[in-house]
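J.: On the provided structure of chain A, position chain B as indicated by the hints.
These protein sequence lines are chains A and B, in that order. Start counting the first sequence at 2; every next residue gets the next number (the numbering used here). Start counting the second sequence at 59; every next residue gets the next number (the numbering used here).
To be clear, the hints were calculated from the coordinates, so they are not data collected in a lab. Among the hints, a few may not be true.
[Said to hold, decoys possible] When the alpha-carbon atoms are kept at most 30 Å apart in a straight line, the in silico DSBU-like pairs for lysine-lysine are as follows:
hint	chain 1	residue 1	chain 2	residue 2
1	B	K266	A	K96
2	B	K135	B	K193
3	B	K266	B	K103
4	B	K103	B	K135
5	B	K103	B	K178
6	B	K266	A	K55
7	B	K193	B	K178
8	B	K193	A	K96
9	B	K193	B	K103
Listed below are the residues making up each chain.
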Amino acid sequence: MQAGKLALVAVAGLLLAGCADTPPAPGGAPGDPYEATNRQIFAANLDLDRMFLKRTAETYNRVVPEFGRERVHDLLRNLNLPVTFANDLLQGEPKRASQTFARFGVNSTVGLGGLFDPATTHFAIPDHSEDFGQTLGVWGVGGDPYLMLPFLGPSSPRDVTGMAVDVGLDPMTWLHFKQHVWWQAGRQYFQVLDLRSRNIDTLEGLERSSVDFYASTRSLYRQYRANEIRNGRPDTDNLPDL
Amino acid sequence: MPNISAILGWVRPAAVALLMLLPAAQQSAQAAAPAESFVAENIDKGLRILNGAQSAQRTTQFQTFLEGLTDIGRIAKFTLGNARRAGSPADVAAFDAAFRNYAEAVYQSRLSQYSGQTLKVIGSTEPNPGDTIVKTVMVDPAQSGQQPLEVDFRVVSESGRLVVIDVAIAGVWLSIEERDQFSAFLSQHNGSIPALVSHLNQLTAQMKSGGR
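Extracted from the complex, chain A is given alone in its bound form:
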């Protein structure tokens, strides 16, 4: 049943990707034909963040000592490495795949089940993260149209499809043990909390200095994803014409 659901979301995502040819609304930004709706969802997300997530993240920072928060962070990152490994292979990057494999091996053993990160601190194995949205990008699927999703934030049909496929690529999805659902829910909860708690000042600064916070987020997201897909290689063909 899970596989069936995943397949549905993936197909829906790919169908939406066909909307990439939709022209922008008159006077609208390229690649964002649903801008009006997106702006409304963005405003709603900001309200939810202000009312719930940001406060929880601030409390988390205040109440949990840094040592504890770093352990949670390291554990979560280690649990995501199998998905990165699968996508490294799908993108045809054997060297990066072997680095991911080594990181997982070292951190799961020496790092006490992923609670610590000796792969970085003691073995200097380079770190990177991959997802199926990036894999689709490497395979040539574009990142338009821009979508602002409720709760999940900035995305695109490609990245939505990617998220669904990654659930399938994650071995944790298929390991059925006691309290499996609670464990997965807890993991997702802490993933969001961990990310939000590490970015409180940055996002505040961004919002305070933005001329148009929606457009700023859109630009940041699209450029950042494109950079992730290129694995950091500068896009020298499309440099801004200053």
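T.: Just chain B now, kept in the frame of chain A:
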């Protein structure tokens, strides 16, 4: 039977062409090195200023530092985009002045978050002659185990001196982000440059009074 003279006919010009290319290649490498040292020296200088205590003097020092390091006028021109052509000279001049103040406040506010960390130059590429992208990595001693943050500086030579015309943080060029924002604002406000100028001035005042 291959025509020996025909082969030799193109080998010599090819060899000459190769030899002519070599000095240019060396020149490229040489051009990259000054850009890298330019960035390294100015990073140190800038961080030293930002590491100082928050004060009016620090703000002025950073302002002077930025003006010497960058060509804010050129960045202003780019970020206003097509609206520049449609605007009156007075409006465009007001924008240039407002952008200058806004940019200084934004860079000071965003970069002072990173005080206590260092940027290490790791290399450069030269996509066009005289146009270098210097790659640096931010090293945060406090948050080890994070993927190191990449910060790129785009350095060009202008009237015989080097200037920074753009910065990319994690692959996001600030000039593009700013242009996207300004263009979105203008389309939400009937293309009014005075409205944008007023908004920029308001944001600048808020950032300055917010003590960041």
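J.: Run the distance test for K193(B) versus K96(A): straight-line Cα separation, threshold 30 Å.
T.: Since the Cα atoms of K193(B) and K96(A) sit roughly 22 Å apart, the hinted pair holds (cutoff 30 Å).
J.: Does K103(B) pair with K135(B) here, judged by a C-alpha cut-off of 30 Å?
T.: Holds, at roughly 27 Å.
J.: Would you mind confirming whether the straight-line C-alpha gap from K103(B) to K178(B) stays at or under 30 Å?
T.: 13 Å, holds
J.: Taking only the CA atoms, is the gap from K266(B) to K55(A) under or equal to 30 Å?
T.: 24 Å, holds
J.: Holds or violated: K266(B) with K103(B), Cα cutoff 30 Å?
T.: Status holds; Cα separation ~22 Å.
J.: Is it true that the CA of K266(B) sits at most 30 Å from the CA of K96(A)?
T.: 47 Å, violated
J.: Given the hinted pair K193(B) and K178(B), is their Cα-Cα distance within 30 Å?
T.: 9 Å, holds
J.: If you draw a straight line from the CA of K135(B) to the CA of K193(B), is it 30 Å or shorter?
T.: Judged against 30 Å, a Cα distance of about 25 Å means the pair holds.
J.: Taking only the CA atoms, is the gap from K193(B) to K103(B) under or equal to 30 Å?
T.: Cα-Cα ~17 Å, so holds.
In summary, the one numbered hint that this structure violates is 1.
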